[in-house]
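Going line by line, the protein sequences match chains A and B.
Residues 1 to 311 (the working numbering) are what the first sequence spells out, left to right.
Residues 1 to 259 (the working numbering) are what the second sequence spells out, left to right.
Read the hints as simulated data drawn from the structure, not as lab findings.
These numbers come from a predicted model, not from an experiment.
Note that beta-carbon positions come from the ideal geometry of N, C-alpha and C, so glycine has one too.
Careful, some of the hints might be misleading.
Derived contacts from chain B toward chain A, CB cut-off under 7 Å, selection only [what the hints assert, rightly or not]:
#1 1
#2 2
#3 9
#4 13
#5 14
#6 91
#7 94
#8 97
#9 101
#10 103
#11 104
#12 136
#13 258
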Amino acid sequence: MTDQTSLVHARGLTKRYANGFTAVDAVDFDVRPGKAFGFLGPNGAGKTSTMRMIACSSPVTEGTLSVIGMDPRTQAREIKARLGVVPQIDNLDTELTVRENLEMYARYFDIPREVFGKRADELLEFVQLSERAKDQVEPLSGGMKRRLTIARALINEPELVILDEPTTGLDPQARHLLWERLYQLKRRGATLIITTHYMDEAEQLCDHLVVMDKAKIVAEGSPRQLIDQHATREVLELRFTDAVRDSLDGKLDGLADRVETLPDRLLLYTADGERALEQVHQRQIPVESALVRRSSLEDVFLRLTGRSLIE
Amino acid sequence: MTVLAASGRVWQRNFLVYRRLWHRSIAFGFLQPVLFLTAMGIGVGALMSNQDLSAFGGVPYIDWLGPGLLSAMAMQTATFESTYPIMNKIMWGRNYEAMLSTPLTTRNIVLGELFWVAFRIGTLATVFLVVLFAFGIVRSPAAILAIPVAVLVGAAFSSCLVSFTATQRNDVGFSALFRFVINPLFLFSGTFFPLSNLPDQVEWVAWLTPLFHGVQLIRGLVLDNLDWMAAPIHLAYLGVMLAIGVSLADRNLRRRMTG
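Generate the whole structure from the sequences, applying the supplied hints.
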């Protein structure tokens, strides 16, 4: 693996804060051009700290990191000129209008006026905000603000777009619209780095994923590969009354490859969920409710860390 | 992009916001000195009209007071512009975070904000000077130099105040700053009464405080009685304060924004 084929190249990348807390502990990863690369993990896993180092807004403590073939330690300005950053918390300029936000950002990037005008129109069109161009930012909905933040991040035609939890806090409709726009962006050949603690988001958007937990990378691969490797094809979710549950004690043995016990339900990992459910009925165990579903990244995460993604 | 051009972009952002409010700002700029000069100068001044005016250099109290107020205005404007608005851009509105995702640096931000304060004080000082002229206080064409001096006073204060703001986690520190630093300076820098009225033991303290130097320079220029021997000391004091302020502001803001 050489630097030429990866847009971001990290080896032994470590972030330790002044208070001694290690947020990122010697992680290795490579981001390939034209792909959507995801960091999946719970809050506090080190995703944002990793992103901040890539975005040159937080110094690397140890290890090597190259971004678009450059060193964040010495070439931060050059790197930033070619990055687009969508932060976790909106930092739009609420004292300016929608279009002025793009205009001012273009000025920060030193983009000439004649180039900027056309680009701003296209970007507003792309994020479906052309109608709101002259409006103030403050009254926009959460989803619109996010979309404007994304348009703003694209004003310098970045080679790499970094999105930190792009849909956290949005309602389902706004999320789907945003995913669709990000998918279009990917189709145009942009390289994306996305952090998320939503497995559905990771499955929808990412070609390649690393799962982070407690400052480390615990697994890596495409969403499909991760599921194949770390989970069975299907999952049988069972709920019992407390009395039944307390007296289960071995009655489910042999029904599944693996059983995970969650506070409110049991997860039986098996290739054939329906068959397992049939067997549960045959053993005359009174089930309160049952659900057969395909395995997801949530199951992968549970397997790898013993914890749920969203607590 | 040069440092100057990049800092200019930060200035430009503030100007874009200000464009919608400038007329209001200029109106207040007129109102403030007119009210002060009327109340303090004509009102209080009338009480002194039969007194010995030698402590004021032989000019009426209102004439003596006017240029002092101009200098104090520069400090107060700098204080206002360098506390809450900067805090907002650091933590509430996160504007600096957005700027620092572009090729702009903390130095560009510090200089850009300083250019902005300079512009604000420059315009307000011009308005103020027009008012002083209308009141018949201006004694010399050299009074025009009071504008750049007011800008220097404002920039010196602003740089130090931005470096303070960059270290604050909430706005509690600001009320202490206003009460224990800005207000005492406002009252005891020779704006309202000559420092020779103070006991000799504390009179020298004034020389250590920044606003005093601004007041001396501006009053000397407007009333055409500048002490040319002391002027370089006044200017040097403000220049050094500005230089220290800029480097501290850059350092503190960088520490705050990158961790």
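| request: Would you pick out the hints that fail for this structure and give their numbers low to high? | output: The structure conflicts with hints 2, 5, 6 and 12, although it agrees with all the remaining ones.
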